[in-house]
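K.L.:
If you want the building blocks of each chain, they are given just below.
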Amino acid sequence: MNDLFGNSKPTPKPAAPGKNPPRQVYTVSQVNTLIKTALENNLPGRLTVTGEISDWKVHSKGHCYFSLKDQGGVLPCVMWASSFAKVKFKPENGLAVFATGYIDVYPPQGKYQFYIERMEPAGVGALQLAFEQMVKRLEAQGLFAEAHKRPLPKFPERIGILTSESGAALQDIIKSIFDRWPCVRLLFYSVPVQGEGAAEKIASAIKDVNRRNDRLKLDVMIVGRGGGSLEDLWAFNEEVLAKAIYDSKIPIISAVGHEVDTTIADLVADARASTPTKAGVVAVPDMRQVLEDLENKKVCLNRNIMLCVQYGGQQLDEVFAELAKEIKELLANKKDKLHHFYEEVVKIEPHRLLGRKTVEINEFRSRFNAAMAVGLNRTGLLITAQENRLAGLNPKAVLRRGYSITTLKQTGAVVKNAADVQIGDDITTELAGENLIESRVIKK
Amino acid sequence: MAKEEIKNDITKLGFEQAIKELTGIVGKIEQGEITLQDSIQQYERGMTLIKHCRKILQEAEKKIEKIAEESSEQQK
Chain W
1 MNDLFGNSKP
11 TPKPAAPGKN
21 PPRQVYTVSQ
31 VNTLIKTALE
41 NNLPGRLTVT
51 GEISDWKVHS
61 KGHCYFSLKD
71 QGGVLPCVMW
81 ASSFAKVKFK
91 PENGLAVFAT
101 GYIDVYPPQG
111 KYQFYIERME
121 PAGVGALQLA
131 FEQMVKRLEA
141 QGLFAEAHKR
151 PLPKFPERIG
161 ILTSESGAAL
171 QDIIKSIFDR
181 WPCVRLLFYS
191 VPVQGEGAAE
201 KIASAIKDVN
211 RRNDRLKLDV
221 MIVGRGGGSL
231 EDLWAFNEEV
241 LAKAIYDSKI
251 PIISAVGHEV
261 DTTIADLVAD
271 ARASTPTKAG
281 VVAVPDMRQV
291 LEDLENKKVC
301 LNRNIMLCVQ
311 YGGQQLDEVF
321 AELAKEIKEL
331 LANKKDKLHH
341 FYEEVVKIEP
351 HRLLGRKTVE
361 INEFRSRFNA
371 AMAVGLNRTG
381 LLITAQENRL
391 AGLNPKAVLR
401 RGYSITTLKQ
411 TGAVVKNAAD
421 VQIGDDITTE
431 LAGENLIESR
441 VIKK
Chain G
1 MAKEEIKNDI
11 TKLGFEQAIK
21 ELTGIVGKIE
31 QGEITLQDSI
41 QQYERGMTLI
51 KHCRKILQEA
61 EKKIEKIAEE
71 SSEQQK
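Chains as they are written, first to last, in the working numbering: chain W, 1 to 444; chain G, 1 to 76.
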């Protein structure tokens with residue numbers, strides 16, 4: 001007799017009454033072994049089965065136990081953790097899949113099972129294809145062009161968030177922004193992020209916000225949602241949303257799904273955050289870094305102002321040294337002249353006038369010496385006083401001393417050299433107390 | 001009086017404008033293309049700008065508001 005699969009096997013004959021035929025008795029294990037052999041001999045070593053997932057369970061060790069079913073029946077399935085680790089999507093009940101593996105018997109429970117090695121969602125091929133075709137088409141239309149991307153503001157003051165009210169993405173985005181940059185106002189606009197019509201609703205929300213932005217005053221917008229299956233994210237792959245993002249005058253940051261997900265919205269947006277939790281990194285600066293930068297600027301200003309003052313002080317030193325030298329020369333010159341007159345006077349009538357004139361001359365000489373002493377002393381005091389004031393390094397005091405700053409009226413540039421001006425130029429001279437004189441260059 | 005006016009004018013600045021002006025001032029003083037008198041004035045302004053920026057950051061409250069949808073019929 002041939003068994004179910006056409007194999008010739010020694011089959012136990014039914015016991016005939018009256019005789020004592022050799023009765024073959026199989027143990028349970030033997031039967032299971034027979035079935036196992038029968039399956040091995042008659043089924044392909046590997047097969048691909050399509051069906052819907054049901055009774056999905058993941059064991060604590062990571063092995064998966066579930067069934068594939070269709071209208072006609074159910075096939076018990078096992079997927080070991082090592083194989084399951086390679087599955088990129090999240091299996092769930094009702095999801096149609098293609099599963100590849102082998103059928104084997106599980107003797108402890110006396111049942112056959114489908115041991116799945118690879119599994120992919122049925123129909124994702126079609127979505128994937130649609131996605132790739134869309135990328136090509138929109139790319140040809142220039143929707144992803146770098147040149148079209150609007151720059152993001154460095155310190156945004158008002159940020160719009162377009163996502164679902166119920167999703168975790170909203171809180172993730174808010175936290176990621178406020179953790180880095182608390183001085184910004186967030187404006188939340190609730191939109192559905194999956195399901196029928198979601199793409200249209202997000203697109204019209206983007207248009208709505210753009211239309212009202214003279215009042216909303218958004219500097220940038222974040223459009224996104226949390227992770228999910230390709231189907232869940234599909235709204236962000238639709239052309240209507242891509243066009244709305246492209247047309248938005250407000251720069252848009254996309255923040256869709258997990259790091260590995262790339263959507264059309266990511267490609268067309270002005271900037272992309274890999275997940276909603278990264279939105280803050282893209283949208284706002286880090287307060288700690290900005291404070292550090294401010295501190296650096298302060299140090300820089302302090303250092304440079306010291307240099308400026310030192311340089312100004314040095315210039316003053318040079319001017320006063322020159323002045324002191326000139327005054328000394330002037331006095332020496334005067335003294336020489338007086339001495340010369342004195343010599344002349346002595347020469348005129350030395351005998352006749354000697355007695356009377358000597359007295360006069362001596363008197364004159366002592367008065368002169370006294371006057372000189374006072375004069376020199378005063379000059380010395382003047383220089384000392386100036387040096388003391390200089391030590392204060394107060395550059396504005398220069399003007400009070402009679403110095404002035406001359407600037408070209410037209411440009412405001414300081415005139416340091418005659419070559420800096422042309423005849424006919426108007427110049428402004430600044431004196432102490434912010435008094436100004438305007439003049440015109442007539443000669444140089 | 002003039003100083004008060006300058007301060008008032010700075011407190012009205014947004015963070016971005018303040019940082020921009022501050023960066024300009026630091027650059028000008030650094031390059032020395034500025035008279036001593038101006039540099040002192042600019043230095044004072046720079047310090048006031050830094051104070052203003054810190055104040056914006058420290059006093060920031062985390063504000064969130066909701067935008068309601070406005071149907072396009074309401075638009076003209």
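Keep in mind that the hints are not guaranteed to be accurate.
Subject to a maximum C-alpha distance of 30 Å in a straight line, what follows is the list of computed DSS-like cross-link-like pairs (lysine-lysine) [what the hints assert, rightly or not]:
#, chain 1, residue 1, chain 2, residue 2
1, W, Lys136, W, Lys217
2, W, Lys175, G, Lys20
3, W, Lys249, G, Lys62
4, W, Lys154, W, Lys297
5, W, Lys278, G, Lys55
Simulated from the structure, these hints should not be mistaken for laboratory data. Here the structure is a predicted model, which is why all the values come from computation and not from measurement.
K.L.:
Can you name, in rising order, the numbers of the hints this structure does not satisfy?
P.N.:
Violated hint (a single one): 1; every other hint is consistent with the structure.
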